[in-house]
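Since each chain comes alone in its own frame, lean on the hints to assemble the complex.
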Amino acid sequence: MAQVILLGAWPSPYVYRVIWALKLKGVDYEYVEEDVLNKSDRLLKYNPVHKKVPVLVHAGKPIAESAVILEYIEETWPQNPLLPKDPHERALARFWTKFGEDKNPALFGFFFTEGEQQVKATNERQEQLRILEEQGLGDKKFFGGDEIGMADLEFGWLAWWLEVLSEVAGVKVIEAESFPRLYAWIQRFKEFPTIKETLPDRSAMLTHCKARRARFLALAKS
Amino acid sequence: MADVVILLDAYASVFGMRVRVALAEKGIKYEYREEDLRNKSQLLLKMNPVHKKIPVLIHNGKPVCESLIIVHYIDEVWKDKAPLLPSDPYQRAQARFWADFIDKKLYDAQKKIWTAKGEEQETAKKEFIEALKVLEGELGGKPYFMGERFGFLDIALITFYSWFHTYETLGNFSIEAECPKLISWAKRCMQKESVSKSLPDPKKVYEYILEMKKKLGVE
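So the sequences go chain by chain: Y and V. Letter 207 of the first sequence, counting from 1, is numbered 207 in our numbering, and no numbers are missing. Letter 171 of the second sequence, counting from 1, is numbered 393 in our numbering, and no numbers are missing.
In isolation and in its complexed conformation, chain V is listed as follows (with noise of 0.2 Å):
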């Protein structure tokens, strides 16, 4: 029986991104749906009542939630094609705190530098820069966060390069000159299909976030 895969997501979502990628490094054959986040289709509500959020994978109608989870189930399912997770139990960990850490740490500081103004974004702006720099430490002088192969770690991280022509522009500020390392490690992601033809123009997610801002009123 052929596996029918639906994801539902939105397409500036750094989170919906990371189950495109992860797809894709798969060669998983599936259908793309966009969510409207302010009209959210029946199916949505239905597949995520507790959170009501994209993405949502549905493997053969069962519905599987939160990115991360999403990617480790991705992986489980998927087992025998291009692994996302390494084998050995601590560097998973390590992959998995990281994860954590990109969650936590970078996710609200980034909100804020297109939400906020003032001194708000310009503290949301230092702990951006700042925990961006703790990941390129990590990355080190490795091609990837594992090492030699791209995975788990990458994807988490990758989506967010989608976003930095925005983070820049309304933040006046150069993340290349705080973080050189890191865009090249993205540059270098960039250049795999499974990324780059997942991740949307940085031109078209700065125009949505404009058009985000005004129906908020932060402009």
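Chain Y extracted, bound-state conformation (with noise of 0.2 Å):
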């Protein structure tokens, strides 16, 4: 079998995307760290026009964009789908995947804000998740429907680095009373086997986050 690669950074949810859906359909692959702060040769080459992890690497030939990445490994190997067959649901999933692409950034702004701009980011951070909620997910149990689809990996950064970085920045985002199905789709999400054995270390990741957000608040006030 040829061999497959994913140039990552730990712990970006953009990578975790692709490395559940590797290990959803049961791929191997090799992993290698990137570290972002300081490129790599292989990355540079690997991915020149955005110089950005993920990455994946099939047989020599590179991949980038974890949204084109998860419709490749979704062609490449079609066990385990994450799309559904009819082309009026699979636009749907994709729909949601796009809002996902286009909003995440949007979702996360809270964290690299403080007072009036973090009120701000967080108004519209709420329109979003009520869109998602009421829009998005609805009374599906997963946004692929039964089973955990393109979507649900677009929006898995919410059942987990949600939670930290908001403990981080000292605001409750998901709450059972705000937002009841979002909050039930993330201990579904959370508990699914395949993911759960999959998500990085939450002290780790406290620290990790805890350090970002005072490097973006000091870049802010300089």
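Watch out, some of these pointers could steer you wrong.
Claimed, not checked - Below are the BS3-like pairs computed for lysine-lysine, each with C-alpha atoms no more than 30 Å apart in a straight line: (1) V:Lys268 x Y:Lys141; (2) V:Lys435 x V:Lys364; (3) V:Lys268 x Y:Lys45; (4) Y:Lys85 x V:Lys268; (5) Y:Lys103 x V:Lys348; (6) V:Lys284 x Y:Lys140; (7) Y:Lys51 x V:Lys333; (8) Y:Lys52 x V:Lys326; (9) V:Lys275 x Y:Lys103; (10) Y:Lys45 x V:Lys437; (11) V:Lys268 x Y:Lys221; (12) Y:Lys103 x V:Lys414; (13) V:Lys435 x Y:Lys120; (14) V:Lys333 x Y:Lys120; (15) V:Lys327 x Y:Lys221; (16) V:Lys326 x Y:Lys120; (17) V:Lys436 x Y:Lys221; (18) V:Lys437 x Y:Lys103; (19) Y:Lys120 x V:Lys339; (20) Y:Lys103 x V:Lys284.
Unchecked claim - Quick list of the computed label-pair ranges, beta carbon to beta carbon: (21) Y:Glu33 x V:Tyr312: 20 to 26 Å; (22) Y:Thr194 x V:Phe395: 48 to 54 Å; (23) V:Lys409 x Y:Ala184: 51 to 57 Å.
Don't read these hints as lab results, they were simulated from the structure. Glycine included, each C-beta is placed from N, C-alpha and C at the ideal position.
Spelled out as structure tokens, the structure:
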């Protein structure tokens, strides 16, 4: 079987998205940790346009951008599908995945701000979460329906990363009272076996995120 | 049962044009409905409640939103005619990667060319030309982006061509001087009826933008 390599950076949720897809499909791969503050020649060679992780290298050929990588994984390893068969359902799954791509930065904006800016970021976040709760997820078990799908992987960071960011920033985001469906989905997603065994260590993340927030706020002040 | 296809669109939208080209490539009969973006129809608000934007393709009553997602949808439903995406997964990934590049890098830069002035506009022009040059490099010596056949990535980019006259006039520069190979490619695409009939007259686009600038107060 041709070799699969994943260039990543801990604990990037964009990278974890790809890890989850590979694991859900039982694809063997070699993980390579990249230092994004000191980019390797290898990363620059495999993603000259954006110079970012994740990059999937399959049989020597690189693919960049997590959404593009997920589609590639889905087409190359069709077992345990991440997209439904029906074209309209597929379009909906892609719609919500793209919603995540576009809105995720707004959802974690509160983490990089404080004071009035944080209030503004929080309001925007609440609006987007409401749309996700009512129109994206609705009454489904997962965004993908009965099984985890591409959109679940797109929003997977809400199930783990968001809690850590919230604790560090000192705000509460998704609670059972405010967003009951998303809250229930988070519990289901976190407990799903393949996902559960793959989540990054919480206390290591707390340390990492505390440092990041401190750095960002210092930069914003300077 | 015959397919009922409706497209909610706005004639100057580069995103709407992508869907028009895809439908024309496949020879699909549809009803075109022009939306007034300052007075959106109930149908648009109902069919795209999340973004309230065009284009929206309504196929037998069910909506599909986001231009590239719509093009994927069209390719999957009407799969027996004129395939738009390549069949090889790696080629498909490349096409998607570059379409994403266009939507991220090119779109933001081009907007500032017609809304901004002075240094902001100059920066936007530089970024725009840089992005076009990268795309020109990707094209290389091929007739179309994925090779011999017109397809997904050509569709994603060619629609911006109808706006080139607007950018050049408002930005006071020549795109052909900077990216001659890309202009040759664009002219080749325009020879296809599916493209020429789907793109508006560049002069009309320019007039429309002048109107928009007045309304937005960005003269």
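Tested hints:
For the suggested pair Lys268 of chain V and Lys141 of chain Y, the alpha carbons sit about 25 Å apart, so the restraint of at most 30 Å is met. This hinted pair does not check out: Lys435 of chain V and Lys364 of chain V have alpha carbons roughly 37 Å apart, beyond 30 Å. Proximity of Lys268 of chain V to Lys45 of chain Y is assessed by CA-CA distance (about 46 Å); at most 30 Å being required, the pair is judged violated. Our distance criterion of 30 Å between C-alpha atoms is met by Lys85 of chain Y and Lys268 of chain V, whose separation comes to about 25 Å.
For the suggested pair Lys103 of chain Y and Lys348 of chain V, the alpha carbons sit about 27 Å apart, so the restraint of at most 30 Å is met. This hinted pair checks out: Lys284 of chain V and Lys140 of chain Y have alpha carbons roughly 19 Å apart, not beyond 30 Å. With a C-alpha separation of about 25 Å, the suggested pair Lys51 of chain Y and Lys333 of chain V falls inside the 30 Å cut-off, and the hint holds. Under the criterion of a C-alpha separation no larger than 30 Å, the hint pairing Lys52 of chain Y with Lys326 of chain V is consistent with the structure, at around 15 Å.
Our distance criterion of 30 Å between C-alpha atoms is met by Lys275 of chain V and Lys103 of chain Y, whose separation comes to about 16 Å. Under the criterion of a C-alpha separation no larger than 30 Å, the hint pairing Lys45 of chain Y with Lys437 of chain V is inconsistent with the structure, at around 46 Å. Of the pairs offered as hints, the one joining Lys268 of chain V and Lys221 of chain Y is violated, with about 44 Å between alpha carbons and a cut-off of 30 Å exceeded. For the hint linking Lys103 of chain Y to Lys414 of chain V, the alpha-carbon distance of about 36 Å lies beyond 30 Å, and the restraint is violated.
The suggested pairing of Lys435 of chain V with Lys120 of chain Y holds, with an alpha-carbon distance near 28 Å, which does not exceed 30 Å. Pair hint Lys333 of chain V plus Lys120 of chain Y holds up; C-alpha atoms about 25 Å apart against a cutoff of 30 Å. Taking the CA atoms of Lys327 of chain V and Lys221 of chain Y, the gap is about 28 Å. The hint holds against a cut of 30 Å. For the given pair, Lys326 of chain V sits about 24 Å from Lys120 of chain Y by alpha-carbon distance, which is consistent with the 30 Å threshold.
Our distance criterion of 30 Å between C-alpha atoms is broken by Lys436 of chain V and Lys221 of chain Y, whose separation comes to about 37 Å. Our distance criterion of 30 Å between C-alpha atoms is met by Lys437 of chain V and Lys103 of chain Y, whose separation comes to about 28 Å. For the proposed pair Lys120 of chain Y and Lys339 of chain V, the alpha carbon gap of about 28 Å is at most 30 Å, so the pair holds. Distance hint between Lys103 of chain Y and Lys284 of chain V is fulfilled; the C-alpha atoms sit about 24 Å from each other, no more than 30 Å.
Checking the proposed 20 to 26 Å range against Glu33 of chain Y and Tyr312 of chain V shows it holds: the Cβ atoms sit about 25 Å from each other. Range check, Thr194 of chain Y to Phe395 of chain V: about 52 Å between beta-carbon atoms, so the 48 to 54 Å window is met. Roughly 55 Å separates the CB atoms of Lys409 of chain V and Ala184 of chain Y, a value that falls within the hinted 51 to 57 Å.
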